[in-house]
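Q: The primary structure of each chain is shown beneath.
There are 2 protein chains.
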Amino acid sequence: MPQLRIALAQVNPTVGDLAANATQTVAWTRKAAEAGAHVVVFPEMSLTGYPVEDLALRATFAEASRRMVDEAAVSLADAGCGELLVYVGYLDADPAGPRDAAAALWQGEVVARQFKHHLPNYGVFDEQRWFKAGRTLDVVRFHGVDIGMVICEDLWQDGGPVSALGAAGVDVVVSPNASPYERSKDDIRLPLVARRAAEAGAPLVYANQVGGQDDLVFDGDSFVVGADGELLARAPQFVEHLLVADLSVGGGSGAEGTFGGLAVRRRVLSAEPVPGYERAVPPVSEPLSDEAEVWSALVVGLRDYVHKNGFRSVIFGFSGGIDSAVTAALAVDALGPDSVHGVSMPSRYSSAHSRDDAAELARRLGCHFRVEPVEDMVRVYVDGLGLSGLAEQNIQARVRGMLLMSLSNQEGHLVLATGNKTELAVGYSTMYGDAVGGFAPIKDVFKTHVWTLARWRNASAEKRGEVPPIPENSIAKPPSAELRPGQLDTDSLPDYAVLDDILDDYVEGDRGYAELVAAGFAPETIDRVIRMVDRAEYKRRQYPIGTKITFKAFGRDRRLPITNRWREGEQRSL
Amino acid sequence: MPQLRIALAQVNPTVGDLAANATQTVAWTRKAAEAGAHVVVFPEMSLTGYPVEDLALRATFAEASRRMVDEAAVSLADAGCGELLVYVGYLDADPAGPRDAAAALWQGEVVARQFKHHLPNYGVFDEQRWFKAGRTLDVVRFHGVDIGMVICEDLWQDGGPVSALGAAGVDVVVSPNASPYERSKDDIRLPLVARRAAEAGAPLVYANQVGGQDDLVFDGDSFVVGADGELLARAPQFVEHLLVADLSVGGGSGAEGTFGGLAVRRRVLSAEPVPGYERAVPPVSEPLSDEAEVWSALVVGLRDYVHKNGFRSVIFGFSGGIDSAVTAALAVDALGPDSVHGVSMPSRYSSAHSRDDAAELARRLGCHFRVEPVEDMVRVYVDGLGLSGLAEQNIQARVRGMLLMSLSNQEGHLVLATGNKTELAVGYSTMYGDAVGGFAPIKDVFKTHVWTLARWRNASAEKRGEVPPIPENSIAKPPSAELRPGQLDTDSLPDYAVLDDILDDYVEGDRGYAELVAAGFAPETIDRVIRMVDRAEYKRRQYPIGTKITFKAFGRDRRLPITNRWREGEQRSL
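First to last, the sequence lines map onto chains A and B. The end of the first sequence is residue 574 by the UniProt record's numbering, with every number in the run present. The end of the second sequence is residue 574 by the UniProt record's numbering, with every number in the run present.
These aren't lab readings, by the way, just hints derived from the structure by calculation. A couple of the hints might just be wrong.
For chains that are exact copies, the list does not tell them apart, and a pair is met inside one copy or across any two.
Stated by the list, open to error - Think about it this way: if two alpha-carbon atoms lie no more than 30 angstroms apart in a straight line, the pair counts; the simulated DSSO-like pairs of lysine-lysine are: (1) K31 with K185; (2) K539 with K463; (3) K463 with K185; (4) K552 with K31; (5) K539 with K185; (6) K552 with K185; (7) K463 with K31; (8) K552 with K539; (9) K463 with K477; (10) K185 with K132; (11) K552 with K463; (12) K552 with K132; (13) K539 with K31; (14) K31 with K477; (15) K185 with K477.
Since the model is a prediction, treat every value here as computed from it, not as a measurement.
Whenever a hint applies, use it, and build me the whole structure from the sequences.
A: Put into structure tokens, the structure is as follows:
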């Protein structure tokens, strides 16, 4: 059977940076050539980055993207890689509209060009807004092997393009993907792709993006499965990687024509198999543990957001509490201690242990740290305007937010917001106070999960013989905003274990009031939580962007009206 | 020919408030009955409000909406309106998914039910995310008249559902709509609907929503055209209204079957024409002038946002400049002077004329006004942190933002942001400073247009013999942020006339760099403006919501990535 060495280029493009992404394409293809590969598969939209959002609708951007594909083909040939068959993803456009496209480049030219057929339009995806669907499948014969391709969502369709390729006959299917990370998604992807390989009757090559783009993070996890569904090779998660796998595939003959409504076109590039060579044993990376995976997603999401937006350092409040402690540990893991600036901003209501825990956190992390008391600033407002109650509480948080923004303006750091998903869900935060910032690393992490991550991060440090970064006291003590004497989060919120349980059912599970009652939660607690959630939409919209790790991240995935009188469980009749 | 009196109920529903919207349905149907109407047409999604956003995906909401339709049918009969045929819009759901639906209610029951066929997924619309498309058309014979219906976007399709109804044969087409306002949209709607009436060979009854919902405002402008395209009746814009029109239509016989891929179903409710009666002459309201229309949209958008979200008053900075002056005039027109609180917040850089102009504005409007100097608060930050340059400028704006938020917390007013679309486009604002607020009334109004509106509003006051609300000096003086000595907007920005011209081409027209050069703008100015626009996405996302009046309002219509290295006109090659 003909042999073929395929390289999966698990790269990290930046949206809009066509030239840099194309340069990256050439560099990684060179590496693949050095590794003896015959075919290289880059991820979906590897030349433009993903998602391009409404940039897809700008004619000049689509034109530049099309031009860059042609240029990349020439550059690859100029770089001595013209004999490799290179699949890249890009934005195309024709009179029907913009297209999520992939092209095969060979000998300085585009030799195949295919548009995505299935355009997801749920969750983080708005592809029916951005793209028009394709109707063709381009199969090329390369070194005697018939190679078909499908782009990302096309893989997820039962009886879709993959089964069309199977019916038409191919020897291998390559698939460029931009599949955003969410918890345990890798548990779904591999069995799905294995099933599709069986449908195609051919090995399937799954190349995914890696890295952060706005609130999305791509985990990589590129892999190859055999026609029998066996996992042949797998790349590590959350790092750029070139995965090389050898395939021996039947050079069977296939048909042209229409299969499953899609027109299959064929082109012979080279009929001659490559001379026989010795197969290398490809690596099969182990997936990360659940917590390591989430931690890596948060680290990579933060790092890429900071660096891709031209920042080199971050600044935020060190309150002594668990949220800022976990944010700090993430920031140091992402950017290094010298790029992290912690500020303790005690007021008259700040406890001694808060100040100590904040200082201890900075000591353990080795990051920058300063103390800036806010009492003077707060007093000017409280006394000058006669503030009391909520107004007095909020102004403390706001004075801190303005202090951080001032230091950001003065010194050039990006401000991080340290709020978690539970706070965001119920609106337990101060607009323009603790909600200030350019990025919110743990925005999509429920409070109980923040604690779990803290314990996991400390334990993993201990395993490596390192100092656990997070002070035990920050993990153990009861959470408090410390905006009035003796305040505890539980004054305003149900116990976090119960609260997160309800939120998980209501937000992630989209369960209704009756189902929550049936699940055994106290009706008055459900009612209280649901009201808080449904009323906090405006606050959530004003919150900084942050890395998404769940299916229902606030902001991108869940878009509620602001003016909204619907109250679950309060279904009035006429 | 059979006669029929049709009432168009141009109502203002609130998203999610099923019970109130249903109560409104009964109340307006009663009015229609009193006016002798036989048929009443409510707008699209009149029972749920529009847009429901991702509420469409909540099973409990869809169920409640379905139930409310059945309840409304019974309530209408109980209210003595059972003999009227009443079309309402609502959210349906079946195993295929959620549906944008309309139902005909008669004698306590749902007698026809149709799902929208064409789901717009551009601009403000994400309907392919929310709904599944229908494939049927329900025609009922009522008093011997065959009535077909099409929902909103279905009207906009050449050769779509209307031409299917025409082929099947109907005597009249009713169309429930939720068509958001944008400038001069009424110039497009009427000729379009007239063409469709010709396609249907029948009069067309176009009922639209009115009122504000988040950033959308519906202008009403409901109307009836004859089969020959003649305008027979037209409702006034921006107010709730019951438009009653008499039709004499041929009771021709139509066919069942499939037309244009849609299944036409027919049901006879009553074959007997209503006894002959004397036609009334229906009103044909004149559309508003361009500026009056925009002003009304901004007034209604602001009023409904404030009231529907449970606020009764607003507070914001009176700087003496044109933006806050126009915002104040809008707020007083929307809410009355007693609900408007102006705050002058002078710093050391505030000019005497600014303070005077702010006070004069308040005097003319008769609204609440106070002076709160911010120098003390600014000093604590500037001296305490050693701020200079941009940090010193920004802290002034931020201290003002926090002051307004404190007064909002203390007194319960909604804070308005007074920024305009030009500032938003180029990022000429301070996050957490002048960008603070729960609503931004002139967010979608370019600066030059703000001046035009100011002059128009003053002139219209003069015409009515009233005091012009906006001080002439606020209109005439050169704009300045007054954050450093002698600062003018033109220090940082091109002249507003040029800037708005470029922005109009780049943002509204989606023109590329080369087209802008060809249009005669100076390349260095284009370059400067485009860079500012492309880099300000994060600021724009953090800006408060505000009424949309153009096709490309920031936020909802134009969604760019934040991490985005694409720079129009800077198209690097490899």
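Q: Now look at each hint and say whether the structure bears it out.
A: Hint check:
{"no.": "1", "hint": "K31 with K185", "result": "within (29 angstroms within a copy, 56 angstroms between copies)"}
{"no.": "2", "hint": "K539 with K463", "result": "neither (40 angstroms within a copy, 42 angstroms between copies)"}
{"no.": "3", "hint": "K463 with K185", "result": "within (27 angstroms within a copy, 66 angstroms between copies)"}
{"no.": "4", "hint": "K552 with K31", "result": "neither (38 angstroms within a copy, 44 angstroms between copies)"}
{"no.": "5", "hint": "K539 with K185", "result": "within (29 angstroms within a copy, 32 angstroms between copies)"}
{"no.": "6", "hint": "K552 with K185", "result": "within (13 angstroms within a copy, 36 angstroms between copies)"}
{"no.": "7", "hint": "K463 with K31", "result": "neither (35 angstroms within a copy, 76 angstroms between copies)"}
{"no.": "8", "hint": "K552 with K539", "result": "both (17 angstroms within a copy, 24 angstroms between copies)"}
{"no.": "9", "hint": "K463 with K477", "result": "within (24 angstroms within a copy, 68 angstroms between copies)"}
{"no.": "10", "hint": "K185 with K132", "result": "both (27 angstroms within a copy, 26 angstroms between copies)"}
{"no.": "11", "hint": "K552 with K463", "result": "neither (33 angstroms within a copy, 54 angstroms between copies)"}
{"no.": "12", "hint": "K552 with K132", "result": "both (26 angstroms within a copy, 21 angstroms between copies)"}
{"no.": "13", "hint": "K539 with K31", "result": "neither (47 angstroms within a copy, 40 angstroms between copies)"}
{"no.": "14", "hint": "K31 with K477", "result": "neither (51 angstroms within a copy, 63 angstroms between copies)"}
{"no.": "15", "hint": "K185 with K477", "result": "neither (33 angstroms within a copy, 59 angstroms between copies)"}
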